[in-house]
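So the protein sequences, as listed, match chains A and B. Each residue of the first sequence is one higher than the one before, counting from 1 in the numbering used here. Each residue of the second sequence is one higher than the one before, counting from 1001 in the numbering used here.
Hints listed in this document are in silico derivations from the structure and should not be mistaken for laboratory results. Predicted, not measured: the structure shown is a model, and the values here were computed from it. Treat the hints with care, since some could be wrong.
Output of the computed footprint for chain A on chain B, the stretches with three or more beta carbons under 8 Å from beta carbons of chain A [what the hints assert, rightly or not]:
#, segment
1, 1287-1296
2, 1452-1462
Okay, the calculated beta carbon distance ranges per label pair [said to hold, decoys possible]:
#, chain 1, residue 1, chain 2, residue 2, range
3, A, R355, B, A1267, 25 to 35 Å
4, A, T423, B, R1332, 49 to 59 Å
5, A, T221, B, R1332, 49 to 59 Å
6, A, R244, B, E1168, 26 to 36 Å
7, B, P1505, A, S220, 46 to 56 Å
8, B, A1267, A, G128, 14 to 24 Å
9, A, R430, B, D1541, 56 to 66 Å
10, B, T1041, A, A268, 25 to 35 Å
11, B, D1297, A, T221, 18 to 28 Å
12, A, M130, B, D1207, 37 to 47 Å
The following residues of chain B were derived to be distant from chain A, with all beta-carbon distances above 10 Å [unchecked claim]:
#, residue
13, V1019
14, L1071
15, T1113
16, E1147
17, T1176
18, D1532
19, D1588
All C-beta atoms in this analysis are idealised placements derived from N, C-alpha and C, irrespective of residue type, glycine included.
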Amino acid sequence: MNRRRFLGGAAALVALPALESLFWRRAVAQTMPVAQRLFVFYFPNGMHRRDWRPTTVGEDYELMPAMQSLAPIRDKVSIVTNLSMAPAEGGDGDHARGTGCFLTAVPILQSENRLQAGISLDQAIVRGTMPSTRYPSLQLGLERKPNAGACDAGYACAYQRSIAWSGPSSPLPNIASPDVLFRRLFAGTDATATGRDVLRRRRLAASVLDTVTEEASSLSTQLGTRDRRKLDEYLTGIRELELRVHAEAPAGTCVAPDPQTTRATDVAAQTRLLIDLSVAAFQCDVTRTITFMLADSGSNRSYEFLGAKNSHHDASHHDEDDERLRDYRKIVTWEIEQFAYLARRLDAIDTSDGRTLLDECLLLCSSEISDGQRHEHHDLPVVLAGSAGGAFSTGEHIEAAPDEPIANLFLSVLHGFGVAEPTFGRDGARAFTGVLA
Amino acid sequence: MLLVAACADETPPSPEPVVLHRLNRFEYDRTVRDLLGTAQTPARAFPPDAPSLGFDNVSDVLSLSPLALELHYEAAQHLVAEVIGEVASARWEAESLAGPDGAAYHGATWRLTQGRLDVPFEPVATGTHRLAFAAFGEALEGPAMLEVSVDGDVRSTVTLADGPARHEVSFVVSSTTSHTQIALRFVAPRRSGRRERAAYVDWVRIDGPLDGVARGPGYDRVFTCDEATNACFEQIFTSFLRRAYRRTPSAAEVRRWTTLARASYDAGDRFDVAVGRALSGVLVSPKFLYRVEPSGDGPLDDFSLASRLSYFLWSSAPDDRLLDLAEAGRLREVLPQEVDRMLADERAEALVDGFAAQWLSMRAFEDSDSSLDDALRAAMAEEMRQFAAEMLTADRPVEDLLLADFTYVDANLAAHYGLAHENPETTRVTLPADSPRRGLLGKGALLVATSHPNRSSPVKRGIWVLDHLLCLPPPPPPPDVPQLVEAMGTTTGARARLEQHRSDPACAACHASIDPIGFALEPFDEHGVWRDTDVDGVPIDASGVLPDGTSFDGPVELSRALADRAELRRCVAKKVFVYALGRGPTDDEAVVLDDITARYGAAGGRMRDLLKVIATSEVFASARRADR
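Turn these sequences into a full structure, and let the hints steer you where they fit.
Given below as structure tokens:
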């Protein structure tokens, strides 16, 4: 470190705490166990079984057509079959129910007036691990495109636009803009000339938030249960803000994508940018939990750039028609390529002890339904990548018992992340140990 | 008679009322505009509000995530900075900047050999800024240089010394709506044959505007006095809280914020900065971000009623006049006159961009994936916007939504529609008697929004009409039935295929209502262009009969048939009800809707009659009760 070589009077004053924090981070990295990270990758409208489901079990499983892009990292990928989301069954609105259940594994309330789901897997991990990162979790997703504004009948649209739920009535909306995300992650802090000033500013910001909290408490006495829940959402946000007011800027030595391109014009570019920024967020340890929606549930986005004549939802209702099956395959193949891109980017970053960043992550990729034609929630396509520091086994096709609840997988993910819950969701009663190392 | 009685479904009742109504993005931007006179639109960066019941202001499902709150907090800082004219000063150590690919973090500096080092600066005001940075170069032949660009334009090329030195470049910020992108790029000496060349950057600092900034338009609204006395602090917050909280603040509230500002002042802040700090807190207080209403039986208090009115008609906070009337307890006395005044105010334009844009799928059109070119797309959006604006204010019955013999086109859109019209500006035109462009159902924006990206969809269009104009949305197809396959099977012709599909009794009940409406609109393709044959080259048969025996041929006859239906007026009333109250009617409010429908019909059946009837109705002025 040769900062002392530099001119600029003010620099010396603020340099010291910044350096200390760098040293501290390195020291911590050497003595602490691996920081586990979770990335949930959601894609809409399912996949045709022939496109993803291996025909052989074990390590030598075959990569089906849509999964070819995973070949270079196949020893770090597992495919799990036979998992089902029973709480999503029954009645209309398979997309809404499949998505509301996607990480919560509880049946959702069919209503446009009221939201009722459960806490999602990612948020349960955040709650259980209490990460000290600047953002406990991030929710990303591509900008909504048609279905002409329609959502599944009788369900509030929120069910189809979020997979992360911090509470039964609190869906966490996605950031779609790479620009907004970039500024959250990497924009300069409002540093002032002296370290003393920084401390003073923090104290004052904290006092603003204290006053805001007093205002909120004076409100809460007038409210009923459902409104108190809304106010709790608000107070959770204030507490997180307080933490960030005191947090350091992200540590150096992490490489962010080129921010001059944070204004994406098409789906492919926007996807890449959000993934690149996610990788940077993990690398810089700004967060350890990300959920990502490649599109909203039931999306009927056009994939003309892949040469698909049918848009997504239409193609997924293929009725075994050759043209639609071809389009469906083109689309899901592209989707898995994005997942593979994420995994490979993470795998290209070395951390310590010969590990890569991917080895410190668990990536979970799935959809709200299995096959678009049948709209069911049996035998969901589930792809895992990374071992989260050796907690999960990789490199095989794991076949669960028929209709094994996917909530059991979620329970084992919780356990793999050190969160000792006895159950998860409605039907996660025993951990699916097949995926644990 | 119901078109799809067997398919109709009721939403389950919610036992307990929600009275915390978060300002949505649309309302937030308008509220801060009216509160502080700002041109900033911070809510663009907020996460989208998921709609329900067709609108994004349904309070029960509007949540607020921690990230969204952080963005509100940041917006508050920017708004206050504009009010008091704060000068930005930002400084980045190398490690807090994101290096480009190919750069190495080297001894607390970024070592650049290629790519750019980007500095994402968020200006708070326009004007000349100074960029300062410390850097040095390493090059064997010729000097090493750094090229400095602002928003992509190269402003300066700085020659670096061998040893660290401070460099300055000034630049002008012309807009504060997005961040200004400062980039430092290493420029290699032209004839250097060796690999050892690089620029090292240690820190970057930006100050500005250098000539100070004008105070924002909000300054005079906030600072009614400017001396640091208790009386002045109290005066400022009593007045500001009244407008921010939309009611008279309590003494405890005034004291709370005054204390905070005072403490900031006593700690050495300038008076305006100290007040600004508390203002930024007020702008994230739940009492500002949420409309808080009392629940229970009986009438709403006047302040809550004033807010309901202003958010319904303006999507913004009540103005001083409404607050004065509420404070004096006179709002109910003059309610009809106030509603007239508000509808005549330019802020009522929010009804077009808030209510009509959602009800008539204008937002969905803007999001649509259609391959339309940008000029046509813009012209269609403008057509629908102006049409909706006229329908909301003009002396025309609701039925003219379907029957209106005028529209708004520029030459480009006119050509698209096959109309003779040369004016390149969007102009109101009267349609020829035989034009199929009458009313909503001939509008490109709607026809595109209800199409697939690459083909028209009779089903989407049929469902749209049933849902948006008659409030009879058919349920989704039953499970395990192949979803509507407009391109399925071997039969030629979209219509023949749909009719084949309808032979399945599981589908027939609903499709008997959906399809005839969609078929009548089939002469419009996915871009809204008129055609005589469908994608398969089969001549289009646009005739149809609804289950109740109503028959029609083509879009104009369909529009007439729909305009004749009693459901239309009631449905429009229901849509406005949801938007006005931010919730759906409960089961026992069916009679309320009937009454509203009858009353606005008696008043002339115009949209503005409906708006007024709802704004002056008992349900609108009553506290929300527990739903049965």
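Against the structure, the hints:
With a cut-off of 8 Å between beta carbons, the segment 1287-1296 of chain B has 6 residues touching chain A; three or more are needed, and the interface restraint holds. Taking a C-beta to C-beta cut-off of 8 Å, the segment 1452-1462 of chain B contributes 4 residues in contact with chain A, enough for the three needed, and the coverage statement holds. The given range of 25 to 35 Å is broken by R355 (chain A) and A1267 (chain B), whose C-beta atoms sit roughly 47 Å from each other. Checking the proposed 49 to 59 Å range against T423 (chain A) and R1332 (chain B) shows it holds: the Cβ atoms sit about 54 Å from each other.
The hinted range of 49 to 59 Å is not satisfied by T221 (chain A) and R1332 (chain B), whose Cβ atoms lie roughly 28 Å apart. The given range of 26 to 36 Å is respected by R244 (chain A) and E1168 (chain B), whose C-beta atoms sit roughly 32 Å from each other. P1505 (chain B) and S220 (chain A) have their C-beta atoms about 54 Å apart, which keeps the hinted 46 to 56 Å range intact. Against the hinted window of 14 to 24 Å, the Cβ-Cβ separation of A1267 (chain B) and G128 (chain A) comes to about 39 Å, which falls outside the hint.
Separated by about 59 Å at the C-beta atoms, R430 (chain A) and D1541 (chain B) satisfy the suggested range of 56 to 66 Å. Checked against the given bound of 25 to 35 Å, the beta carbons of T1041 (chain B) and A268 (chain A), roughly 28 Å apart, stay inside it. Between D1297 (chain B) and T221 (chain A) the beta carbon distance is about 20 Å. The supplied range of 18 to 28 Å therefore holds. Against the hinted window of 37 to 47 Å, the Cβ-Cβ separation of M130 (chain A) and D1207 (chain B) comes to about 39 Å, which satisfies the hint.
A Cβ of chain A approaches the Cβ of V1019 (chain B) within 10 Å, the least distance being about 6 Å, so the stated non-interface status is violated. With a cut of 10 Å on Cβ distances, L1071 (chain B) falls inside the contact zone with chain A, its closest approach being about 8 Å. No Cβ of chain A comes within 10 Å of the Cβ of T1113 (chain B); the nearest lies about 14 Å off, and the non-interface call holds. Separation of E1147 (chain B) from chain A is adequate, the least Cβ-Cβ distance of about 13 Å exceeding the 10 Å criterion.
For T1176 (chain B), the shortest C-beta to C-beta distance to chain A comes to about 14 Å, beyond the 10 Å cut-off, and the non-interface label holds. The beta carbon of D1532 (chain B) sits about 23 Å from the closest Cβ of chain A, which is more than 10 Å, so the claim that it is off the interface holds. The Cβ of D1588 (chain B) sits about 14 Å from the closest Cβ of chain A, beyond the 10 Å cut-off, so the non-interface label holds.
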